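Chains as they are written, first to last, in my numbering: chain A, 1 to 304; chain B, 305 to 731.
Keep in mind that the hints were calculated from the coordinates and are not lab data.
A quick note: this is a predicted structure, and the numbers were derived from the prediction, not measured.
Even for Gly, the Cβ is constructed at its ideal location relative to N, Cα and C.
Heads up, a few of these hints could be off.
What the hints assert, rightly or not - Listed next, the stretches of chain A that the computed footprint assigns to chain B, with coverage defined by at least 3 CB atoms under 8 Å from CB atoms of chain B:
id, stretch
1, 28-37
2, 246-254
Stated by the list, open to error - Only part of the chain A face toward chain B is listed, based on derived beta-carbon distances under 10 Å:
id, residue
3, R51
4, W52
5, G54
6, E59
7, I74
8, T135
9, R158
10, W160
11, A167
12, E200
13, S230
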Amino acid sequence: MTQIAPRAKTNRRRAFFTPPVVFALVLIPFTIEAVGVFYPAIQGILLSFVRWNGIGVAEPVGFDNYVRLFTNDIVLYGALGNTAIWLVLFGGISFAMGLAIALLLQADRRGVSVYRTAIFLPMVFSLVVTAVMWTAIFQPRGILNDFLNAVGLEDWTRIWLGDPDTALYAVIVAALWRQIGYVMVLFIAGLKAIDPTLHEAARVDGANVFQRFRYITMPQLRGVNLVIISLLVIDSLRSFDIIWAMTRGGPFGSSELLSTYMFSTAFTDRQLGYASAIAVVIFLLAVGVIISYLIRAFSETKED
Amino acid sequence: MTRRHRSAVVLGMAGTVTLLLAGCLGTGTGTTPVEEDAEGPLTVQSRLAGDSGDAVALQAVVDAFNAKGGGQVEINTVPNETFRDQLPSYLTASNPPDVLTLYGGSLTRELADEGLLLDLSDVWEGAEFSDGLRALSTDSSGNQVFIPTSYYWLGVYYKKSTWEAAGAEVPTTWEEFLTASEALQANGVVPIGIALGDAPWLASAWFDYLNLRVNGADFHIDVLAGDESFDDPRIEAVFEKWDDVLPYFDPEAPGIAFGQAATDLTQGRTGMFLAGSWLTFSLPPESLDEYDYFQFPIIDDSVPLAEEGPTDGFVGAANTDQPKLTKEFLAYLASAEAQQLMFEANPNDTLIPANPNVDVELGPDAIKGQAILESAVGGVTQFFNRDSSDALQATADQALTQYLAGAKSLSDILAEWQSEAERVRAG
Numbered sequence: 001m002t003q004i005a006p007r008a009k010t011n012r013r014r015a016f017f018t019p020p021v022v023f024a025l026v027l028i029p030f031t032i033e034a035v036g037v038f039y040p041a042i043q044g045i046l047l048s049f050v051r052w053n054g055i056g057v058a059e060p061v062g063f064d065n066y067v068r069l070f071t072n073d074i075v076l077y078g079a080l081g082n083t084a085i086w087l088v089l090f091g092g093i094s095f096a097m098g099l100a101i102a103l104l105l106q107a108d109r110r111g112v113s114v115y116r117t118a119i120f121l122p123m124v125f126s127l128v129v130t131a132v133m134w135t136a137i138f139q140p141r142g143i144l145n146d147f148l149n150a151v152g153l154e155d156w157t158r159i160w161l162g163d164p165d166t167a168l169y170a171v172i173v174a175a176l177w178r179q180i181g182y183v184m185v186l187f188i189a190g191l192k193a194i195d196p197t198l199h200e201a202a203r204v205d206g207a208n209v210f211q212r213f214r215y216i217t218m219p220q221l222r223g224v225n226l227v228i229i230s231l232l233v234i235d236s237l238r239s240f241d242i243i244w245a246m247t248r249g250g251p252f253g254s255s256e257l258l259s260t261y262m263f264s265t266a267f268t269d270r271q272l273g274y275a276s277a278i279a280v281v282i283f284l285l286a287v288g289v290i291i292s293y294l295i296r297a298f299s300e301t302k303e304d
Numbered sequence: 305m306t307r308r309h310r311s312a313v314v315l316g317m318a319g320t321v322t323l324l325l326a327g328c329l330g331t332g333t334g335t336t337p338v339e340e341d342a343e344g345p346l347t348v349q350s351r352l353a354g355d356s357g358d359a360v361a362l363q364a365v366v367d368a369f370n371a372k373g374g375g376q377v378e379i380n381t382v383p384n385e386t387f388r389d390q391l392p393s394y395l396t397a398s399n400p401p402d403v404l405t406l407y408g409g410s411l412t413r414e415l416a417d418e419g420l421l422l423d424l425s426d427v428w429e430g431a432e433f434s435d436g437l438r439a440l441s442t443d444s445s446g447n448q449v450f451i452p453t454s455y456y457w458l459g460v461y462y463k464k465s466t467w468e469a470a471g472a473e474v475p476t477t478w479e480e481f482l483t484a485s486e487a488l489q490a491n492g493v494v495p496i497g498i499a500l501g502d503a504p505w506l507a508s509a510w511f512d513y514l515n516l517r518v519n520g521a522d523f524h525i526d527v528l529a530g531d532e533s534f535d536d537p538r539i540e541a542v543f544e545k546w547d548d549v550l551p552y553f554d555p556e557a558p559g560i561a562f563g564q565a566a567t568d569l570t571q572g573r574t575g576m577f578l579a580g581s582w583l584t585f586s587l588p589p590e591s592l593d594e595y596d597y598f599q600f601p602i603i604d605d606s607v608p609l610a611e612e613g614p615t616d617g618f619v620g621a622a623n624t625d626q627p628k629l630t631k632e633f634l635a636y637l638a639s640a641e642a643q644q645l646m647f648e649a650n651p652n653d654t655l656i657p658a659n660p661n662v663d664v665e666l667g668p669d670a671i672k673g674q675a676i677l678e679s680a681v682g683g684v685t686q687f688f689n690r691d692s693s694d695a696l697q698a699t700a701d702q703a704l705t706q707y708l709a710g711a712k713s714l715s716d717i718l719a720e721w722q723s724e725a726e727r728v729r730a731g
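Turn these sequences into a full structure, and let the hints steer you where they fit.
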């Protein structure tokens, strides 16, 4: 026994021995993540409980920032509303258009790849370049107004980015121009993964185009939808660069999103505590929307 | 009160300043021993864009200082916006840049009151600046913390040919200004250009000047400091005057970017543009003589004339590990010799050296600008954001663009402005 036991132990040890490289592979990314992501995130949450201008001493104020946020901030309500509009229009249209174009261009016919490339091309531009280009289009004497004048729609001309009624939507158009191609590519990848025999079987059974879309394509795309919707929600809530480059949230707050409001509160108003509270709200919104969607999506999967 | 009022005691040149400085530093043994400077070159954190005249001037003066062999200075240029956002981080860092570009006004004072700026009183002891500049460079506890190197003027810029074609005369009074605007408009020119698309703060130049002309500098400073309210009847009076010229403002302004607005002026689409001397950089360099500017018209003779004369310069970081060399370099920047070098290196006729003993020939624009600023017996202000804060500037942008767009009633705009200003000041 006494002789066997140690051998057994060594055997067991050998069997369960974790090589140091595994520790390294886990701990190094974890450390980087902890220093680069978790620590600043926790700092950000802690900052939301102080009043701090970034220069002097931070003064703890408890929940004051949150109280002010939810009881006494008109700009925030506007930004919340605009963020909701952004989420619905930017997220919704890029989802619908991306899917529609993907369905049109999924088949490998001659010349289709040209269209796919053309629609995907805006994605290669950085958002700031996109913003510069669309700002030129939306100029008071820019291409858009010139076009409207040329076709006799003078009444429709606007100072697109300078008019509080149109600024937000003008920026959404610019953002969509870039996003749709991206969503399309994701959908095409998803569509390609659908087993073609399913469609053939349905066709044999007499299902028309719409029935096949409803009962085969959409259910088969569920996994892809999940990814795309999560991406779109995150993209919507973090949208900042294009709106900052085109309107800076103006004119007079009409295109202010939570993200731009957070930025100007932090770096123009120098209220870093309050800005952190806004950041926490954005974080909770993003996590909330995505988690609730994930729960729904997975419970549907279970029912099947 | 006037900035150009020269200080009674004019000591010698940079040498004297440096000697005084060396003396001060040398006697530090009894009380708090002066620590030795750390090794290595001094860093100047600069917000001046790489190819601008100001940046060239800074490079020239740094090269001259390095050539003296007393110590080495390096320039670290960062984009203006980044500089503004990161300024507190720079200054609170344990190893901050030693010298930073900055401008005179409330931001400098605020940073100094937080203890982030190096006390430069000993550098100032022999300095040759005017009393106005001394006051501008002094923090709340009476120490000088800022070295002014140059200042500029604001004026109403116009293209001569546009005005000649419309038969408009350069105005000095408000009535003449309205007549000229009328003439320009009758000739198919948009009289007043402004770029609210990407530079809404330009509207503050109008607010500043109208308030200075209607209510005077003291009231203006009180409003910006929060001692008077933005919904005061005297502010409403400012907007009554603004109403006079509102029909002459570019209706497309909300969508116009600064570059486009400058092009509109050069192409004669717009007639004039209220701006700082920096507008010159956006005009075609080969035909600058086709442009001119005039002093913002007088509205009320009984109000002591005040002007805007934004002042640029340098500060030292309180946490610097090379305080001796930092002060030595800043003393050099204060000297007439250095400011002359900077002036000569900058080929644009857009600046006036802060040191009155600089022996240079000003260009025609600067001569006029200097005369305008010398006429300001009522005081010289810096600009809306420099006299208040960037945060208050944001509230002004909001209120003034709303006013220019006719988005709300004036009383609503002013009430909202006041409450936003209170919120911003409360932090």
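Verification of the supplied hints:
For the stretch 28-37 of chain A, the assignment as covered by chain B is violated, since 0 residues bring a beta-carbon within under 8 Å of that chain's beta-carbons and 3 are needed. Here the stretch 246-254 of chain A counts 5 residues with a CB under 8 Å from a CB of chain B, which clears the bar of 3, and the coverage holds. Below 10 Å, beta-carbon pairs count as interface contacts, and R51 of chain A has one with chain B at about 6 Å; its hint therefore holds. A hinted interface residue such as W52 of chain A counts as satisfied when its beta carbon comes closer than 10 Å to some beta carbon of chain B; here the least separation is about 9 Å, so the hint holds.
Look at G54 of chain A: its Cβ gets to within about 4 Å of chain B, closer than 10 Å, so that hint holds up. For E59 of chain A, the interface hint holds, the least distance from its beta-carbon to any beta-carbon of chain B being 9 Å, beneath 10 Å. Given the 10 Å rule on beta carbons, the hint for I74 of chain A holds: about 9 Å separates it from the nearest Cβ of chain B. Checking T135 of chain A against chain B: minimum C-beta separation of about 7 Å stays under 10 Å; hint holds.
Below 10 Å, beta-carbon pairs count as interface contacts, and R158 of chain A has one with chain B at about 8 Å; its hint therefore holds. For W160 of chain A, the suggested interface contact is upheld, since its CB lies about 7 Å from the closest CB of chain B, less than 10 Å. This hint holds: A167 of chain A has a C-beta 9 Å from the nearest C-beta of chain B, less than the 10 Å allowed. Residue-level restraint check for E200 of chain A is violated (minimum Cβ-Cβ distance to chain B is 54 Å; threshold 10 Å).
Contact between S230 of chain A and chain B, as hinted, is not supported at the beta carbon level, the nearest pair being about 31 Å apart and thus beyond 10 Å.
In summary, the numbered hints that this structure violates are 1, 12 and 13.
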